[in-house]
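A.B. asks: Use the sequences and the hints to build the structure in full.
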Amino acid sequence: MLSMTITIVSVMICIALVMNLIRLLTGPDLPDRILALDTLYINSIGLILLFGLYKGSALYFEGALLIAMLGFVSTAALCKYLLRGDIIE
Amino acid sequence: MSTTVELIVSAFLLMGGSFVLLGSFGLLKLPDFFTRLHAPTKATTLGLAGLLIGSMIYFFAAEQRLMVHELLITLFLLITAPVSAHMLAKTALHHQVKSLQRTQGRSLAESARERQAPSFSEDTNL
Amino acid sequence: MKLQARNRWIPMPAQSFILFVVWLLLNNSVAPGQILLGAFLAWTIPLLVSPMQARQPRVLRHGLAVRYTFMVMYDIVVANFEVAMRVLGPNRRLNPAFVAIPLDLEGDLPITLLASTISLTPGTVSTEVSEDRRWLYVHALHLENETALIEQIKSRYEAPLKEIFGC
Chain A
1 MLSMTITIVS VMICIALVMN LIRLLTGPDL PDRILALDTL YINSIGLILL FGLYKGSALY
61 FEGALLIAML GFVSTAALCK YLLRGDIIE
Chain B
1 MSTTVELIVS AFLLMGGSFV LLGSFGLLKL PDFFTRLHAP TKATTLGLAG LLIGSMIYFF
61 AAEQRLMVHE LLITLFLLIT APVSAHMLAK TALHHQVKSL QRTQGRSLAE SARERQAPSF
121 SEDTNL
Chain C
1 MKLQARNRWI PMPAQSFILF VVWLLLNNSV APGQILLGAF LAWTIPLLVS PMQARQPRVL
61 RHGLAVRYTF MVMYDIVVAN FEVAMRVLGP NRRLNPAFVA IPLDLEGDLP ITLLASTISL
121 TPGTVSTEVS EDRRWLYVHA LHLENETALI EQIKSRYEAP LKEIFGC
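Chains as they are written, first to last, in our numbering: chain A, 1 to 89; chain B, 1 to 126; chain C, 1 to 167.
No wet-lab data here; the hints were simulated from the structure.
Please note that a few of the clues may not be correct.
Said to hold, decoys possible - Restricting the straight-line Cα-Cα distance to at most 20 angstroms, the calculated cross-link-like pairs of lysine to any residue (SDA-like) are:
(1) A:Lys80 / A:Ser3
(2) C:Lys162 / C:Tyr68
(3) A:Lys80 / C:Ser116
(4) B:Lys98 / A:Leu59
(5) B:Lys29 / C:Thr69
(6) C:Lys154 / C:Ile111
(7) B:Lys98 / C:Arg92
(8) C:Lys162 / C:Val72
C.D. replies: Structure, rendered in structure tokens:
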């Protein structure tokens, strides 16, 4: 039963990823695209966690933690670049 | 692993998955940037928290070992989600992204961009 | 408002404690070696970074702070169901708005906490703070009554924060 649930939730997250991709490609303004990227990485954390559950291995959490940290930093850097035209002042 | 544990884990996973889907659906569907900002910051954060709690219960039941990494990721996301939302909103104000025509108090966006106190003159209905 | 007092050898006790706990969580063990290494890191990192940190107001009422945290968590869940309903409903029924909220709080840390809670909880995202730190600009997904929203934020979130930090 659990493996079926994992499959269903994986499909849900994949649909969510496709939605983010459409917003990333069509987004009328730059902030829209950054928001889509931000959501994209958060959703990919979910996908990695589900893969870890499916494999029954706890190793994937390190990857998830790394994506969470790098994703936040990249969002902040992109915003800063759009705000000031420079990342490190 | 007992059926009860599987049921609980499945419930958490399904709840988390539907919230993640809902957040992305809102990102696709809502009409302008500022309304779009709401869906991913709130729904996706809670959805991911649901997924993480589900996997924490699963590993606790399957390996009899408390995995607390998930809590760390949840906390990290809870702290960073409002910060990135704030930075994105600031960027949108700075770039003068068009807000929806019927948004109330659009003149406030002007003073917000200048970081000044609001001037209650035109269409604010206080 | 009381500022944090500085001890020379342990400049940031709360942060040291958080570093120690996070180190143990990251390694997922309580082996003596990890505890020793964690304690060492928790002692030296604050020593190195404390000159860079601006002084922040101190938490005066710890019990209230814990209760505030749980209240915010409950509100996050409630707010999510509300946002979910709004997202699933038709777009033309939405009534978005910018609202300016007058702030009574002082200090960067309390204002940041208030802005973060507002972003996570009831259908609002904080967008900007005015330069003199007197006004917080908020974007609401669906606004029915402006004064009621301001009243709710002030009484439910700002008043406890004010009491916690005593400012």
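A.B. asks: Compare the structure with each hint and give your call.
C.D. replies: Results for each hint:
For the given pair, A:Lys80 sits about 42 angstroms from A:Ser3 by alpha-carbon distance, which is inconsistent with the 20 angstroms threshold. At most 20 angstroms may separate the alpha-carbon atoms for a hinted pair to count; C:Lys162 and C:Tyr68 meet this at roughly 12 angstroms. A threshold of 20 angstroms between alpha carbons decides the hint, and for A:Lys80 with C:Ser116 the separation of about 19 angstroms falls inside it, so the pair holds. Straight-line distance between C-alpha atoms of B:Lys98 and A:Leu59 comes to about 44 angstroms, which puts the hinted pair past the 20 angstroms bound.
Proposed proximity of B:Lys29 and C:Thr69 is contradicted: the alpha carbons are some 32 angstroms apart, above 20 angstroms. In summary, the hint linking C:Lys154 to C:Ile111 is supported, as the alpha carbons are separated by about 12 angstroms, within the 20 angstroms threshold. Restraint check for B:Lys98 and C:Arg92: the C-alpha separation of about 17 angstroms stays at or below 20 angstroms, so the hint holds. For the hint linking C:Lys162 to C:Val72, the alpha-carbon distance of about 15 angstroms falls within 20 angstroms, and the restraint holds.
Hints 1, 4, 5, counting from the list given before, are not met by this structure.
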